[in-house]
Every structure is written in structure tokens, then in C-alpha cells.
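Undergrad: Residues per chain, in single letters:
There are 2 protein chains.
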Amino acid sequence: MPISGFPEWLPPQRMIEQFVLDKIRSTFELYGFAPLETRAVEPVETLLSKGETSKEIYLLRRLQEESATSDDQLGLHFDLTVPFARFVVENNGKLQFPFRRYQIQKVWRGERPQEGRYREFLQADIDVVNRDTLPFHFDTEMPLVIGDVFRSLPIPQAIIQVNNRKVCEGFYRGLGLPDTAQVLRTVDKLDKIGPDKVAAALVETAGATDAQAAACLKLAEISASDGSFVDRVRALGVTDPLLDEGLSELLQVVETAAEHAPGLVVAELKIARGLDYYTGTVYETQLRGYERFGSVCSGGRYETLASVGNTRFPGVGISIGVSRLLGILFGQNALTVSRSVPTCVVVAVPSEDKRSGCDRIATALRRRGIPTEVAPTAAKFGKQIQFADRRGIPYVWFPGSPDTVKDIRSGEQVEASAADWTPPAADLQPVVSAG
Amino acid sequence: MPISGFPEWLPPQRMIEQFVLDKIRSTFELYGFAPLETRAVEPVETLLSKGETSKEIYLLRRLQEESATSDDQLGLHFDLTVPFARFVVENNGKLQFPFRRYQIQKVWRGERPQEGRYREFLQADIDVVNRDTLPFHFDTEMPLVIGDVFRSLPIPQAIIQVNNRKVCEGFYRGLGLPDTAQVLRTVDKLDKIGPDKVAAALVETAGATDAQAAACLKLAEISASDGSFVDRVRALGVTDPLLDEGLSELLQVVETAAEHAPGLVVAELKIARGLDYYTGTVYETQLRGYERFGSVCSGGRYETLASVGNTRFPGVGISIGVSRLLGILFGQNALTVSRSVPTCVVVAVPSEDKRSGCDRIATALRRRGIPTEVAPTAAKFGKQIQFADRRGIPYVWFPGSPDTVKDIRSGEQVEASAADWTPPAADLQPVVSAG
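Chains as they are written, first to last, in the UniProt record's numbering: chain A, 1 to 435; chain D, 1 to 435.
Just so you know, the hints here were simulated from the structure itself, not pulled from any lab data.
What you are looking at is a predicted structure, and each value in this text was computed from that prediction instead of being measured.
There may be inaccurate statements among the hints.
Identical chains share a label here; the pair holds if one copy fits it or two copies do between them.
[What the hints assert, rightly or not] Below 25 Å or equal to it, Euclidean Cα-Cα: the simulated DMTMM-like pairs (lysine to aspartate or glutamate) are:
#1 K354 / E245
#2 K106 / D79
#3 K106 / E45
#4 K218 / D188
#5 K189 / E412
#6 K354 / D244
#7 K189 / E291
#8 K380 / D132
#9 K406 / D22
#10 K94 / E8
#11 K23 / D427
#12 K354 / D226
#13 K406 / E8
#14 K192 / E352
#15 K197 / E245
#16 K23 / D188
#17 K106 / E245
#18 K354 / E255
#19 K354 / E259
#20 K94 / D389
#21 K383 / D132
#22 K23 / D420
#23 K380 / E259
#24 K406 / D191
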């Protein structure tokens with residue numbers, strides 16, 4: 001029986017997922033990110049060090065455990081950032097910094113099933129981490145990598161919304177609201193509860209006047225795909241050194257993206273991100289036409305990803321929600337694959353006593369990189385063609401003197417030798433496409 | 001802190017692991033196996049349906065679970081066969097049979113840490129499953145796939161040891177020992193306790209006479225890389241229809257392998273496999289020179305992998321213990337990789353104000369598939385070359401008029417344009433090799 005929150009794809013969907021993962025991985029590698037895979041479990045104290053998500057952890061115990069204390073308590077990781085931070089601390093003497101890594105793994109969250117959320121899902125993360133300080137230009141690189149990933153896929157255009165915590169915090173402080181965390185949390189509810197309720201909450205819980213609340217909302221309204229957001233923020237009349245720093249950083253992200261990938265990045269000053277370890281740049285990503293499904297790729301800068309004694313490890317990273325992305329696209333039938341198996345050619349078997357000759361043909365084709373199956377039984381050729389057709393396999397090979405190969409889509413059948421016949425490049429692998 | 005039994009590789013080792021996984025996957029796909037990934041968890045009843053491994057299961061509970069019964073009990077899968085069988089039953093109406101799938105995933109076993117075994121490890125499985133009956137020729141295909149996988153890797157030669165339960169059971173029955181399961185279990189201890197203790201145990205627990213025990217040991221001694229094992233079994237003077245069937249099947253496996261992959265397969269009549277669902281062919285695999293580490297790839301035929309009502313789903317499959325294989329080879333420093341990052345070129349940064357020009361060079365190289373990083377800081381060129389050297393990155397690019405690119409291994413530096421310079425194919429990706 002299916003278990004709520006634990007999605008499973010049929011093989012054609014898994015083929016699409018692998019195609020997506022291959023594109024993600026090859027793009028990450030083009031940017032020089034090294035692969036990392038961490039264990040699925042962490043000590044529960046490590047997981048609980050991010051208090052906010054403590055309610056969502058799956059703990060492990062052995063079925064025949066003698067007593068509750070016989071094992072250190074282990075839990076499944078709920079993201080890839082906490083294990084990465086732990087890995088960096090544990091192996092900092094063996095790593096070269098700045099350390100660029102990607103990590104593509106399942107994560108688990110013990111959500112209540114009735115919320116209809118995934119409890120097991122796949123994430124693809126990149127992070128750059130350094131000792132002591134990390135130059136800001138790495139913050140400008142993250143959207144470019146993600147832009148390249150999304151452009152390599154047959155899916156709607158991705159728009160990366162960027163903000164900077166320093167802009168918000170500097171603005172609130174400059175405005176005379178010292179509890180910037182509370183203001184940020186409240187403004188973060190804008191899309192859920194609307195501006196009137198946010199304004200009221202700012203007055204009630206953050207000690208804002210009506211004018212201050214209105215200014216916070218004005219800031220959150222600002223959105224621009226170029227550097228014009230800077231003047232619009234300035235026009236609100238608030239000054240603060242942290243605000244200046246934030247505006248300068250955000251401008252760098254927007255301008256770098258405008259040069260390398262026009263249309264990819266928008267400065268969106270209402271973006272806050274729930275998790276509280278971000279300290280500067282924050283990213284969210286929407287697909288055009290799929291905005292209602294929320295962000296499919298998020299991240300940001302953390303001044304202290306990890307620390308060892310007096311050494312701090314700042315980082316910046318971004319995470320593609322692969323299961324979330326595919327769940328949305330599969331739900332809209334927005335991705336298809338040309339066949340349900342990798343097989344390009346089925347070798348027909350004229351009779352069981354000829355099977356070893358058919359195996360030799362298959363071996364010759366495979367040696368030249370052509371995915372090949374031999375028909376499971378020496379049924380009538382009509383049945384064997386049907387075997388291929390039902391799976392979307394384009395070619396059936398008929399052993400004979402000479403051999404022939406048939407494109408079962410067009411019906412065209414030609415003489416061929418397993419030593420040199422090659423299908424058109426487009427037929428070699430299954431093709432993933434939109435709609 | 002490392003957790004006993006949960007191995008983690010550093011990035012260079014993970015690059016080797018990915019290289020191995022890519023070879024495994026592409027070989028599986030050349031044979032037409034379709035990809036499948038199942039969820040990490042199963043209901044505990046599903047896991048316990050294979051009684052033998054019940055003690056090794058990790059159960060899950062949510063940290064803030066209200067009561068022990070609020071969730072159906074879930075456990076992490078301990079192999080990929082049980083989830084595959086469940087998936088086939090659940091989706092049998094949506095699958096095309098015979099269904100060939102591969103599955104490469106982590107599995108978990110709650111072993112006691114002091115046993116020094118892996119508690120999390122990676123397996124790569126192929127299985128073919130059909131409705132009602134599955135032709136025997138699929139049993140002859142499994143070793144060929146695995147042989148191709150191992151030949152594509154820079155590792156010692158793999159020898160697949162094959163046996164057939166029908167040979168053993170038919171022989172024991174024909175010999176007059178009706179409790180064939182007990183005989184099999186006892187003979188399976190041969191490598192651990194030696195022939196004398198096995199003979200004694202056969203007399204004690206399986207009701208064998210000394211002569212019968214001796215005959216069982218004689219059978220277990222037979223080993224051959226060709227069909228000669230048939231005559232040697234016949235020479236022991238036992239007859240039984242099941243024995244005939246088993247010998248004929250085993251002969252097919254050995255002869256098919258001898259034709260397609262000489263030296264790959266050995267009929268080894270002492271191989272039994274612990275798990276009790278195998279009903280015919282069984283496989284184990286050793287690496288030459290690494291025999292003492294045991295099998296790195298095992299499997300067999302199961303007449304009833306799954307069933308739905310009156311419909312049986314027989315299958316045959318084999319599983320590569322990827323973590324086990326790599327753990328052994330890493331432990332002997334038997335695999336190396338030419339660099340610790342995917343990066344082929346580092347673009348040097350003459351000064352921070354020239355960074356955007358360096359980014360443009362990197363973009364041009366990446367668009368042509370060349371993994372490229374831009375240096376993290378505009379340090380002295382000596383430092384930037386050191387950055388590349390420490391990671392094994394072969395090329396450093398110097399922006400200028402004209403640009404130049406330096407092979408830092410040879411010191412050779414040539415004029416180059418990012419629009420058309422291409423490294424030698426051998427330098428494009430990290431190279432994995434033996435020793």
C-alpha cells in the first residue's frame with residue numbers, strides 16, 4: 001500500500017527524475033562543485049541544534065533493542081545543511097577551503113500525514129564554505145548555477161527572487177524598530193494574511209507606530225529586475241549602515257545576473273525565508289505559471305554555518321527541491337518521456353534454439369553503446385513487435401541472412417549488421433520533453 | 001563524530017563511488033533494465049515477512065509522537081528485494097511483464113555496532129520478474145550483466161560462483177536425506193567450521209549416515225569452470241529428477257558464460273546463500289586476490305518473489321554490494337582519482353575589478369562543457385596556481401591580451417581563446433584508476 005507522504009514514481013517517471021538529476025549534477029560539476037554524500041542519520045543533539053524543526057524529526061530504534069539507552073539516539077536528517085555543517089567541522093583538517101560541494105540526497109521529515117506534505121523527498125544542494133570569511137562574489141554565483149540548471153530542463157522559466165536580510169534589518173533599525181527579528185517574522189506572513197493584518201501585528205507585537213508599519217509594508221512591496229530598487233528604497237527616507245551594506249550586496253547579485261542571465265533574477269524585498277540562520281542574501285525560486293505552488297529552490301548566506309573553537313565557517317548555498325519540483329510537474333502532466341525503458345532495440349527470437357545467436361547480436365550492439373534486449377520468448381513476430389511497441393522501444397532486430405532492423409514507428413525495415421548499424425542519435429536514449 | 005557502521009567518504013572517494021555507480025547504471029541500461037527507486041521505509045509487517053532478518057530492522061518514530069500507536073509502524077528497508085516485491089504487487093496492473101528493473105539505493109541494518117559491520121550501505125540490484133513463469137534463460141543473463149559491470153571498472157577480476165539449489169536438494173533427496181533444508185544449512189557452514197564438523201553435524205542433526213555425510217561433502221567439493229561438473233556429480237552415483245533439472249540449468253549458466261565471457265563463471269557446488277527464498281540458481285562473486293573479504297555481488301532465482309491472489313511472480317536477480325566493494329578497495333588503496341574536484345580549469349583573477357571579465361571566460365568554457373572555477377580571490381598568481389595544484393586541477397587560465405592557459409603539471413603555457421580552446425579528452429573529467 002502507498003504510504004502518505006512517501007512518493008514513489010513508476011519507471012517512466014523515475015527516468016525523467018534521473019534525466020533531471022543528471023542535468024543538475026553535470027551543471028554543478030561544470031561550476032567545480034565536488035560531490036559529497038553524508039550518512040542518512042545524525043545524533044539527535046545535532047539535529048536539535050536547529051530548534052525550529054525539532055518537531056519533524058524521525059528517530060531510529062532497533063527492533064530488538066535491549067534498552068532505550070543502549071544506542072546513542074539517532075535521527076534521520078531533515079535537510080542537507082545540518083549534516084554538511086557537521087561534516088565540515090569533523091573533516092576540516094582534510095578539506096581544501098573554500099570548499100565547494102554538491103549533495104543530492106533524500107531527506108525525511110516526520111510531518112503529520114494529514115498535512116499532505118512529503119515525509120521523504122529528494123534535495124539537490126550546493127554550498128560554498130570557507131574559513132573565517134567568504135568573499136561576497138559567491139553569493140552572486142548561486143543564481144547563475146541554478147539558472148543554468150533550470151535552462152537545461154524542458155520546464156517553465158525559473159525566476160529567482162532575491163533579498164538580503166541586511167536590507168530588511170538595517171531598514172527596520174533605521175526606522176526605529178529594534179526587534180528586527182520580530183518585524184521580519186511578521187512581514188514574512190504577508191502572502192498568507194495580507195497587508196492589513198501584518199500592519200496590525202507589527203503595531204501589536206513589534207511596537208511599531210502606524211507610520212512605521214506602513215513603511216515596513218512599503219519596503220516589502222518593492223520588486224525590480226534591475227538596480228532601480230536601490231532608489232526606491234532610498235526614497236522611503238530611512239538610513240542605516242547595515243541597510244547600505246545590504247543594498248550594495250543585493251545590487252551585486254542583481255547586476256551580475258542581469259549580465260550573465262537576463263530575466264533570471266528579481267530583487268523582491270518581501271522575501272525573508274523562515275529558517276533563522278541566514279544572515280545576508282536569501283533566495284527563493286518560482287516557475288512561471290506555477291507561482292501558486294511556491295518556491296522550488298531556496299537558500300541564502302549564513303555567516304556561521306559551523307564553528308570549531310574560535311574558527312568560524314561562513315557559507316552560502318542553495319537547494320533545489322527535486323521531489324517538490326517533479327511532484328508539481330508530474331501533477332500537471334508537464335513532463336513526458338519517449339519510452340518506459342532504456343532499451344533502443346529488441347532482438348526478435350525466431351525460435352528458442354536460435355537464442356544464442358540473438359544474444360550474440362545483442363552483445364555486439366551493447367558493445368557499441370546501444371541499449372538492447374533480446375525478446376523474452378520466441379513468440380510470433382507480431383507478439384515480439386508488440387513487446388517493443390508497448391514499451392515505446394523504437395527498433396526490432398530480425399536475425400536472418402542478412403539481418404534486418406525495423407523502425408516500428410514508421411514501419412521502415414532495412415538490412416543491417418550488428419557490427420556497424422547505429423540508430424539516429426535522437427533514438428539512442430529516451431527523450432524527455434515538456435507536456 | 002563518525003558513527004560506527006555509517007561510512008562517509010571524502011569528496012575524492014565520493015567521486016570514485018560516482019564513477020563506479022555511473023558504470024553500473026550505464027551497463028544495466030545497456031541491458032534494458034529500467035530504473036526504479038522505492039521509498040526508504042516499509043510497514044514493519046512487510047519487513048518481518050522475511051523472518052530471518054527481523055532482528056536487524058531500524059524502526060522509525062517521530063520525536064514528538066503523541067502515542068506509540070498514532071502512526072503505523074514503519075521501518076527502514078534492509079535490502080532492495082523486499083521493497084521491489086511489494087512494489088510489483090502494488091503496481092502489477094501498471095507494469096509491463098517481464099519487468100526488468102534496476103535499483104541503486106541505500107539500505108539499513110540495525111547491526112550491533114561492535115560487530116564492525118555497515119549499518120548503512122549502498123546496493124545496486126537488477127531483477128527480472130514475470131507473471132506465472134519466468135523462462136530460465138534470464139538466469140544465464142545475470143552473470144553476463146555483472147561481468148560487463150566489473151570489466152568496465154579498474155579493479156581486480158571478478159569470478160562469479162554459481163550453484164543451483166535443485167542440484168543440492170535433488171542430490172540430498174536422491175541420497176535418502178529428506179530434510180534437505182537442514183542439510184543445506186549445515187553444508188553452508190563448510191568454510192566456517194570445516195568438513196569434519198560439517199560431517200558430524202549432518203549425522204547429528206540431519207539423520208545422515210557417515211557415508212551420506214561423506215557424499216554431501218564430496219558434492220560440495222566440486223568446482224569447475226566448464227560443463228565437467230556434470231560428470232563429476234553423476235560419478236557420485238545419486239539419481240533424482242530434481243537433480244537432473246538442476247544440473248541442466250546450472251550447465252546452461254556455465255555454458256552461456258563460457259561463450260560470452262570466458263573465465264567469468266565457475267560452477268561451485270558448495271555455494272548455498274543464507275536467505276531461504278532462493279529456489280534454483282544462486283550466485284556469489286569474489287574479486288581475485290580479495291577472496292578473503294567474501295562476496296561482493298550475490299543473488300539468485302526465487303520462484304515466488306511475490307504473489308497476488310492466485311498469481312505468482314517468479315524472479316531472478318543479483319545485487320552488487322557497492323559500499324562493501326568500495327570499502328574493501330579503499331581499505332587497500334586500490335583505487336585513485338586524478339583530482340579532488342571536477343574542475344578542469346581555474347581562471348586566475350588579476351585583480352578584483354577584473355572579476356566580471358573572468359566570469360565571462362568561465363561562462364564561455366562551461367558552455368562548451370569544460371568544468372571551470374574562477375579563483376576565489378585576486379591573490380598573487382603563485383597563490384592562485386597553488387589553489388589549482390592542491391586540488392589536482394590541471395589548467396590555470398590567465399586573462400590578458402591575448403589570454404593564455406597553463407598546464408601546471410608540465411608548466412607549458414600557450415595562447416588560447418575561451419571560444420575554442422579544448423583540453424585533451426583525458427583531462428576533461430577526473431580519471432579513476434587502479435592503485
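Undergrad: Against the structure, test the hints numbered earlier, and report the numbers of the ones violated in rising order.
TA: 5, 9, 13, 14, 15, 16, 17, 23, 24
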